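Asks: Chains A and B are the protein sequences, given in the same order. Counting from 1 along the first sequence, just add 395 to a position and that's the residue number in our numbering. Counting from 1 along the second sequence, just add 15 to a position and that's the residue number in our numbering.
One thing to keep in mind: the hints can contain errors.
[Stated by the list, open to error] Stretches of chain B that chain A covers, calculated by requiring three or more beta carbons in the stretch to come under 8 Å of a beta carbon on chain A:
#1 22 to 30
#2 110 to 119
#3 133 to 142
#4 164 to 174
#5 204 to 211
#6 214 to 221
[Unchecked claim] Away from chain B, derived, C-beta distances all over 12 Å, residues of chain A:
#7 Val409
#8 Ser413
#9 Ile455
#10 Leu459
#11 Leu471
#12 Leu479
#13 Lys510
#14 Ile544
#15 His553
#16 Val560
#17 Phe579
#18 Glu589
#19 Ser609
#20 Ile622
Note that these hints are calculated values from the structure, not bench results. Here the structure is a predicted model, which means the values were calculated and not measured. No residue lacks a Cβ here, since even glycine has one placed at the ideal position from N, Cα and C.
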Amino acid sequence: MIVILIFNLPLINVVMTSFKNNATISQSPPPLLFVPTLRHYYDILTSPTFLFSRFLTNSILIALFSSMITITICLLAAYAIVRLGVGSPLLLAFVTNLRAIPLIIFAPSIYVLFKQFDLIDTRTGIIMVHILVNIPIALSLLVSFMQDIPKEIEESAHLDGANRVQILLRIILPMISSPMVATFILSFMYSWNEFLFALILSIKKATTLTIGASLFITAWGVQWGRIAAATTLSVIPPFVFAFYVQKYLVEAFTGGLKE
Amino acid sequence: MKFSLIFGLTTTFFELFLGFLLAYFFYLKFRGMRFLFTLLITPMFMAPSLFGLMNRILFNNFIGLIPGYIKFFFGIDLDFFSPKNIIWTLVGIDALQWTPFVFLIIYAALLGIPIQLIEASSIDGAGTFHKIRYIILPYIIPALATGGFLRFLESFRVFDTIYVLTGGGPGDLTTSISIFIYRTGFTMGDQGLASAAGIILFLLMMIPVLLTIKLAKRRW
Chain A
396 MIVILIFNLP LINVVMTSFK NNATISQSPP PLLFVPTLRH YYDILTSPTF
446 LFSRFLTNSI LIALFSSMIT ITICLLAAYA IVRLGVGSPL LLAFVTNLRA
496 IPLIIFAPSI YVLFKQFDLI DTRTGIIMVH ILVNIPIALS LLVSFMQDIP
546 KEIEESAHLD GANRVQILLR IILPMISSPM VATFILSFMY SWNEFLFALI
596 LSIKKATTLT IGASLFITAW GVQWGRIAAA TTLSVIPPFV FAFYVQKYLV
646 EAFTGGLKE
Chain B
16 MKFSLIFGLT TTFFELFLGF LLAYFFYLKF RGMRFLFTLL ITPMFMAPSL
66 FGLMNRILFN NFIGLIPGYI KFFFGIDLDF FSPKNIIWTL VGIDALQWTP
116 FVFLIIYAAL LGIPIQLIEA SSIDGAGTFH KIRYIILPYI IPALATGGFL
166 RFLESFRVFD TIYVLTGGGP GDLTTSISIF IYRTGFTMGD QGLASAAGII
216 LFLLMMIPVL LTIKLAKRRW
C-alpha cells in the first residue's frame with residue numbers, strides 16, 4: 396500500500412500543485428489541505444504567449460497521423476513477412492532490434508537532412524520521424540499476432556476465389572482487429588510521449604505538449620503552478636489509453652527481444 | 016560516458032531488486048490486488064519528460080513536498096539537486112518510473128511457475144528463503160535477464176528525464192551520452208563531432224543487438 400503510494404507520489408503531488416494558488420505553492424512545508432483553484436488551468440488555456448492549445452493540436456495530430464501510417468505500413472509488412480515469406484527471420488530481427496539502439500544517434504543526421512528539405516519545425520517532419528520510431532515495435536507485435544492465425548482459414552478463402560487483397564481486408568483484418576487497436580494505441584502513446592525528436596525538430600510551430608510543458612522553465616523563474624497544470628493535462632490521454640491496453644503491455648515491451 | 020555506464024548499471028540493479036520484491040509480494044496474493052496492480056504500473060505510461068517535470072516539482076528545494084517535510088520533521092536542509100546528491104536523485108527517479116516495468120515482466124514469469132512445484136516443496140518442508148532460492152529464482156532467470164537487459168539499454172541512453180531535470184549539469188556531472196551528443200550537436204552546433212560520437216555509440220550498441228539476434232536464432 397505504502398509502496399504504491401510512493402510510486403504515485405509524483406503524480407499525486409503534481410495534481411495537487413496544479414490546483415494550488417501561487418501563495419500556497421511557496422509555503423513550507425507544503426500544506427496537504429488547501430482551497431483548490433482552477434487559475435493555472437485557466438491561465439495556460441488562455442495565455443497569449445504560451446500557446447497551449449496549439450501544442451495540444453500538434454500533439455494530437457502528430458500522434459494520430461504517425462500511428463495511423465505506422466499501422467498501415469506494419470499491417471502490410473507483417474502480412475508479407477508471415478504469409479508471403481518476404482525477408483528472412485534475420486531481417487525481421489534486425490528491424491525489431493533497431494529500437495535497442497539509442498535514438499540520439501540518428502538525431503544529427505536527421506536534423507541535417509530535414510534542414511535541406513525544409514522539414515524543420517513542421518508537423519510532417521515530426522510525423523515522419525515518429526513513424527520511424529514506432530515501426531519496430533508495431534511490426535514485431537503485429538507479426539506475432541498474425542502468426543497465431545491458422546493458415547487453413549486463409550486457404551479455404553483462397554479456394555473460394557478470394558484474392559490476396561480480399562483475404563487481407565475481409566478475413567485477416569477482422570480477426571486481428573483488437574490486437575491491432577492495441578498496437579495503434581501503443582504507437583499513439585509512444586508518439587505522444589516522445590521527447591527527443593520533438594525537441595530538436597521543432598522551434599515554434601510544431602512544438603508538442605511534452606516539450607511545451609517544459610517550456611515553462613523560463614528565464615524569469617519557474618512557473619510551478621502552470622507547469623503542474625500543463626503536465627496534468629498532458630498525462631491524461633496516455634492514461635485513458637493505458638488502462639485499455641494493459642494486458643498487451645508486457646508483450647509490447649518485451650516483444651521485440653523475445654522473438 | 017562514464018555517467019551513462021554508472022547510471023545504467025545502478026538503475027538496472029535497483030530496479031531488478033525492487034521489481035522482484037514487488038512481484039513476489041503480488042505473487043503471494045492479497046485483497047484488493049487488481050486495483051493496486053493498476054495503480055502500481057501507472058508511472059510506466061507517463062512520458063519520461065513529464066515524469067521528470069513532476070519530480071522536479073516534488074524534489075524542489077523551495078516548493079517540493081519531500082524536502083519540505085524532511086525539513087519539517089527532521090530539521091535537515093536536504094538539497095536533492097546539489098552536486099553531491101544529484102546522481103542518486105536521478106537514479107531514484109529512474110527507479111521510481113521503471114521499477115513497475117521490471118515488476119510486470121517478473122510478475123508474468125512468476126505466474127508461469129507450475130504451482131505444484133511450490134506446493135511440493137512446501138510439503139518437503141522448504142522455508143520461504145529456500146523456496147525463493149532454489150525454485151523461484153531459477154525459473155525467472157530468463158525474465159530477469161530480459162528485464163535487466165532492456166532496462167540497461169534504456170537507461171544507458173537516457174535523455175528525456177535528465178534533460179528536463181538537470182540539463183546535464185551541474186557542469187557535466189550528469190551528462191549522459193545522449194545529452195552529450197545533443198549538446199555538441201545542437202547547443203554548440205558541432206554536427207560533425209556529434210555524428211562521430213553517434214557512430215561510436217552505434218558501434219558499441221551493435222554488440223548487444225547482434226548478441227540478441229544470435230541468441231534468438233539459436234532458439235529457433
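Asks: Each hint needs a verdict: does it hold in this structure or not?
Replies: Structure-based check of each hint:
1. For the region 22 to 30 of chain B, the assignment as covered by chain A is violated, since 0 residues bring a beta-carbon within under 8 Å of that chain's beta-carbons and 3 are needed.
2. Coverage of the region 110 to 119 of chain B by chain A holds in this model, with 5 residues showing a Cβ closer than 8 Å to a Cβ of that chain against a need of three.
3. Coverage of the region 133 to 142 of chain B by chain A is violated in this model, with 0 residues showing a Cβ closer than 8 Å to a Cβ of that chain against a need of three.
4. A stretch counts as covered by a chain when three or more of its residues have a beta carbon under 8 Å from one of that chain; for the region 164 to 174 of chain B and chain A the count is 6, and the coverage holds.
5. By the rule of at least three residues with a Cβ nearer than 8 Å to a Cβ of chain A, the coverage given for the region 204 to 211 of chain B holds, with 3 such residues.
6. Three residues within the 8 Å Cβ limit are the bar, and the region 214 to 221 of chain B against chain A gives 5, so the coverage statement holds.
7. The claim that Val409 of chain A lies off the interface is violated: its Cβ sits roughly 4 Å from the closest Cβ of chain B, which falls inside the 12 Å cut-off.
8. Separation of Ser413 of chain A from chain B is inadequate, the least Cβ-Cβ distance of about 9 Å not exceeding the 12 Å criterion.
9. For Ile455 of chain A, the non-interface assignment is confirmed: its Cβ lies about 14 Å from the closest Cβ of chain B, beyond the 12 Å cut-off.
10. No beta-carbon of chain B comes within 12 Å of the beta-carbon of Leu459 of chain A; the shortest separation is about 16 Å.
11. No beta-carbon of chain B comes within 12 Å of the beta-carbon of Leu471 of chain A; the shortest separation is about 24 Å.
12. Interface exclusion of Leu479 of chain A from chain B stands, the closest Cβ pair being 19 Å apart, more than 12 Å.
13. Against the 12 Å criterion, Lys510 of chain A falls within the reach of chain B, whose nearest CB is about 10 Å from its own CB.
14. Ile544 of chain A, annotated as away from the interface, keeps every beta carbon of chain B farther than 12 Å; the closest lies near 20 Å.
15. At roughly 27 Å, the least C-beta separation between His553 of chain A and chain B is larger than 12 Å, which holds for a residue marked as non-interface.
16. Interface exclusion of Val560 of chain A from chain B stands, the closest Cβ pair being 30 Å apart, more than 12 Å.
17. Once the 12 Å rule is applied to beta carbons, Phe579 of chain A is consistent with being away from chain B; the minimum gap is 16 Å.
18. With 12 Å as the threshold on Cβ separation, the claim that Glu589 of chain A sits away from chain B is violated: the shortest Cβ distance comes to roughly 8 Å.
19. Its closest Cβ contact with chain B, about 5 Å, brings Ser609 of chain A to no more than 12 Å, contrary to its assignment away from the interface.
20. Not every CB of chain B is more than 12 Å from the CB of Ile622 of chain A (nearest about 6 Å), against its label as outside the interface.
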